[in-house]
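Novice: Protein sequences appear in the order of chains D and R. So the first sequence is numbered by our numbering: it starts at 1 and just counts up by one. So the second sequence is numbered by our numbering: it starts at 1001 and just counts up by one.
Honestly, the hints are just simulated from the structure, not real lab data. Take these hints with a grain of salt, some might be off.
Reference listing, derived: stretches of chain R covered by chain D, where coverage requires no fewer than 3 residues with Cβ under 8 Å from a Cβ of chain D [to be verified]:
1. 1100-1106
2. 1111-1119
3. 1123-1130
Calculated pairs, BS3-like style, for lysine-lysine (alpha carbon to alpha carbon, straight line, at most 30 Å) [unchecked claim]:
4. R:1095 / D:135
5. R:1095 / D:118
6. R:1055 / D:118
7. R:1118 / D:95
8. R:1055 / R:1095
9. D:135 / D:55
10. R:1135 / R:1095
11. R:1095 / D:55
12. R:1055 / R:1118
13. D:95 / D:55
14. D:95 / R:1055
15. D:135 / D:95
On a predicted model such as this, the values are computed, not experimentally measured, just so you know. From the three backbone atoms N, C-alpha and C, an ideal C-beta is built for every residue, glycine too.
2 protein chains.
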Amino acid sequence: MAHDHVMPTDLTRNQELVLGTLNHAPAPLSAYDILDLLRSEGLRAPLQVYRALDKLVERGLAHRLESLNAFVACADEHCHRKGLIAFAICEGCGKVDEFADAVIEERLGTWAGTTGFKVERTTMEIRGKCAECLKAA
Amino acid sequence: MAHDHVMPTDLTRNQELVLGTLNHAPAPLSAYDILDLLRSEGLRAPLQVYRALDKLVERGLAHRLESLNAFVACADEHCHRKGLIAFAICEGCGKVDEFADAVIEERLGTWAGTTGFKVERTTMEIRGKCAECLKAA
DNA sequence: AATCAATACGTTATAGCATAACGCTGCTGC
DNA sequence: GCAGCAGCGTTATGCTATAACGTATTGATT
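Can you make the complete structure from the sequences, with help from the hints?
Specialist: Here it is as structure tokens:
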């Protein structure tokens, strides 16, 4: 059930390379990590990677992890989700678990309603240790 | 009721300068912003600011906003809170509103319980427009 | 086909954020 | 005293991200 990633057919070469790299990575990658992995494919400059990442994130095919300055492929192959996604980042193995919670989202909506704040984007990142790493310790 | 900040007495000079700067700022400041504001006080190097910030964040007197790479003074004068704090960041005026929500926290606990993930730290940052900026638009 | 607009591309340079590593200072507790 | 610890100051460096330029490709319209 691993690697059940979707690779849309309308990506540009650079976007495809970057998404492919993220799909195969076991943990988040920084833009510069990606660049280094793709030098053999001819990429030379950070901007080539950042531009691809921008598009991928915009389309929901990848996510940016603010607390790591790094990126992951979206785990949900039908992730056209507009709403809140939470990320659980293991400090042990680096793996990231992605999940959505309607209750949290609704709760946020309530808060926004009472304060008059218009929510455009939410990032929620949980740092800790995953079950596997806890077992191993 | 503004500026009801507490300034502990056991801070070092650099920590006090940095916290004072954050307390008077209307919006988050980057470490380099802080440095520039404190050159007149004799600070010269980023590390002087980062070291102070580390301690302040550790003590809960300041918070780091991951999505901005910037820092704010803690808004709650009794913020010895260990739990989840959410930040609402206005893209219009830059102001940050800080709040805690027990339901979200509890919900997170539930998720952690079922997956066996041990939560150590959570960052939640909401981007959007505050009521005032919406009115002005 | 010719044109135009929009998007992507490649490159160089630069800006912005953060830490490593060194040695020194000053305090606290034994 | 002096050992241990926290903080300090400085230089150098590394990592993250974007500005600005011109070219190329695509796709729609005429």
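Novice: Against this structure, judge whether each hint is valid.
Specialist: Taking the hints in turn, this is what the structure says about them:
no. : hint            : in the structure
1   : 1100-1106       : holds (count 3)
2   : 1111-1119       : holds (count 7)
3   : 1123-1130       : holds (count 8)
4   : R:1095 / D:135  : 42 Å, violated
5   : R:1095 / D:118  : 13 Å, holds
6   : R:1055 / D:118  : 33 Å, violated
7   : R:1118 / D:95   : 13 Å, holds
8   : R:1055 / R:1095 : 23 Å, holds
9   : D:135 / D:55    : 38 Å, violated
10  : R:1135 / R:1095 : 15 Å, holds
11  : R:1095 / D:55   : 28 Å, holds
12  : R:1055 / R:1118 : 24 Å, holds
13  : D:95 / D:55     : 23 Å, holds
14  : D:95 / R:1055   : 28 Å, holds
15  : D:135 / D:95    : 15 Å, holds
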